[in-house]
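Visitor: Here are the chains, one letter per residue:
Protein chains: 2
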Amino acid sequence: MNPMSAKSRKTYTVKQVAELSGVSIRTLHHYDQIGLLKPAFTGENGYRYYENEQLLTLKQILFYRGLDMKLDTIQQIVASPHFDRAAALRIHRERLVQENQRTDALIQTIDQTLAHLEREPSMKEHELFEYEKQAIDRWGIEKVEISRERTKGWTQTEYDQVNREYAEIHTALSLQILLGSPVESNDVQALIKKHYAVVSRFWTPDRNSYPALGRMYCDSPDFRKVYDVYHPGLAEYLAKAMERFAECELA
Amino acid sequence: MNPMSAKSRKTYTVKQVAELSGVSIRTLHHYDQIGLLKPAFTGENGYRYYENEQLLTLKQILFYRGLDMKLDTIQQIVASPHFDRAAALRIHRERLVQENQRTDALIQTIDQTLAHLEREPSMKEHELFEYEKQAIDRWGIEKVEISRERTKGWTQTEYDQVNREYAEIHTALSLQILLGSPVESNDVQALIKKHYAVVSRFWTPDRNSYPALGRMYCDSPDFRKVYDVYHPGLAEYLAKAMERFAECELA
DNA sequence: ACTTGAGGCTGACGTTACGTTAGTCCTCAG
DNA sequence: CTGAGGACTAACGTAACGTCAGCCTCAAGT
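These protein sequence lines are chains G and Y, in that order. Numbering-wise, my numbering puts 188 at position 188 of the first sequence, and it's gapless, one number per residue. Numbering-wise, my numbering puts 60 at position 60 of the second sequence, and it's gapless, one number per residue.
Honestly, the hints are just simulated from the structure, not real lab data. Among the hints, a few may not be true.
Same chains, same names: a pair is fine if it fits in one copy or spans any two.
[Claimed, not checked] Calculated pairs, BS3-like style, for lysine-lysine (alpha carbon to alpha carbon, straight line, at most 27 angstroms):
| # | residue 1 | residue 2 |
| --- | --- | --- |
| 1 | 240 | 59 |
| 2 | 225 | 194 |
| 3 | 59 | 193 |
| 4 | 59 | 194 |
Modelling step: build the complete structure from the supplied sequences, incorporating the hints.
Guide: Next comes the structure, spelled out in structure tokens:
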């Protein structure tokens with residue numbers, strides 16, 4: 001007569017539990033296997049039979065699973081009513097927050113890379129003139145005028161060529177960083193020589209202005225972003241190598 | 001004499017590459033196996049030998065891997081220089097953003113649950129008096145006075161008892177929702193009878209005020225939050241069941 | 001020439017939470 | 001009694017390696 005007793009007598013097959021709870025039969029098998037949710041009893045035919053208690057436990061399991069908790073953690077939680085659920089939730093919350101922070105950083109990185117990639121086709125004049133504008137602050141107007149003059153008659157192809165050469169040098173330098181080569185090494189200095197040659201197509205830096213250009217690469221956020229896409233720390237590495245080059249090779 | 005040619009003759013063993021790039025030897029084996037990064041050549045002793053080109057490719061691979069991209073996606077990207085990296089990055093970015101949104105939602109859910117768990121010990125008076133305050137707006141001051149009178153001499157244990165009974169009823173009702181039981185079912189109505197009995201320890205609702213209490217459960221955000229922790233939609237289900245109960249059982 | 005230690009190689013299992021067959025057995029309605 | 005529908009176990013597949021285990025190779029020292 002007691003409705004509760006009638007209620008707890010009720011049994012469910014795997015399929016019924018699966019449909020009621022929305023999980024697959026395989027999941028129930030799995031939870032049985034790992035001991036996360038055992039059926040109320042097993043028939044002598046091997047069938048699993050669940051009761052209301054198991055349904056409630058399953059509901060809890062699914063709640064925690066929905067929070068991306070690992071099954072063994074969930075097992076700890078649902079196994080004992082004395083387990084500190086609040087503590088477990090707080091710990092898990094922390095994990096999620098950190099995950100989120102990491103993901104935010106990744107998205108930022110992607111945005112920077114995208115900006116770089118998308119700027120690349122139109123990077124030619126834009127990049128170079130940006131360069132010139134910044135240079136004005138450092139060595140006065142004359143150099144910039146020279147640069148503008150020298151590039152006056154340039155065709156698209158020539159701009160592309162310059163960009164390709166820059167890209168090659170930057171890539172090769174990234175590799176040298178990876179290899180741990182010091183900036184004084186022959187390989188690196190050879191690359192800087194190429195770099196100097198490219199720069200010289202706009203204007204001719206000297207012992208003072210060439211290292212200053214390197215420092216500008218480090219200081220200007222716009223340049224930094226471009227370099228960091230190749231390799232973190234490339235700007236500093238390049239600047240140091242340029243300084244060395246100027247000391248040894250420039251009058 | 002050309003530094004580039006000297007550079008590309010240089011070979012590296014797995015250990016060297018591993019140390020230069022920071023990945024494990026096993027990872028290099030794995031990348032070779034799946035064809036993501038093959039060594040430049042293999043010695044007749046079976047040894048893997050890498051060159052600068054592979055190092056650069058590996059650097060790219062690690063960049064994309066650092067963004068949580070799957071290796072087969074990365075393979076598409078690094079395999080062909082014509083592959084639209086920007087598009088791949090944008091797609092991946094979208095995935096990350098959605099992940100982040102989901103995680104935010106999870107954190108919110110955890111916060112709600114924590115609030116519920118932490119309120120529980122002090123839920124006794126707080127909860128009940130909150131209840132009363134809300135009740136004032138609906139049935140005037142007399143009922144509240146009655147409630148306050150009836151609970152005057154209650155001990156802590158009695159408050160705890162009431163809360164336990166509520167919790168049991170809510171849990172059992174959640175189960176009934178899971179089972180798809182209609183609110184008219186005997187099981188559900190039996191539970192509502194218990195609910196009515198518990199409520200009657202504070203005051204005695206009638207055919208009109210009992211369903212109104214149910215509606216309040218739905219309308220008040222404070223109550224809703226408590227019910228939603230048990231089961232989404234529990235507030236509405238309970239309200240409907242209470243209405244039914246009042247119609248059939250209350251004068 | 002021989003040994004030894006460091007490094008390289010190939011399996012192959014473990015991890016996570018199930019999905020997906022495949023083959024067999026049980027149950028109940030007609 | 002038979003067929004349909006459901007239940008069972010066993011075992012592989014997934015992603016990206018970590019971690020042995022067992023055997024091979026190389027360079028250097030004796």
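Visitor: If a hint holds in the structure, say so; if it does not, say that too.
Guide: Verification of the supplied hints:
Only between protomers do residue 240 and residue 59 lie at most 27 angstroms apart by alpha-carbon distance; the minimum there is 22 angstroms, versus 62 angstroms within a single protomer. Proximity of residue 225 to residue 194 under the C-alpha cut-off of 27 angstroms is restricted to the intra-copy arrangement: shortest distance 22 angstroms within a copy versus 67 angstroms between copies. For a Cα distance limit of 27 angstroms, the shortest separation of residue 59 from residue 193 across copies, 24 angstroms, qualifies, whereas the shortest one inside one copy, 69 angstroms, does not. In this homomeric assembly, residue 59 and residue 194 come within 27 angstroms of each other (Cα to Cα) only across copies, at 23 angstroms, whereas the closest approach inside a single copy is 67 angstroms.
Checked against the numbered hints above, the structure violates none of them.
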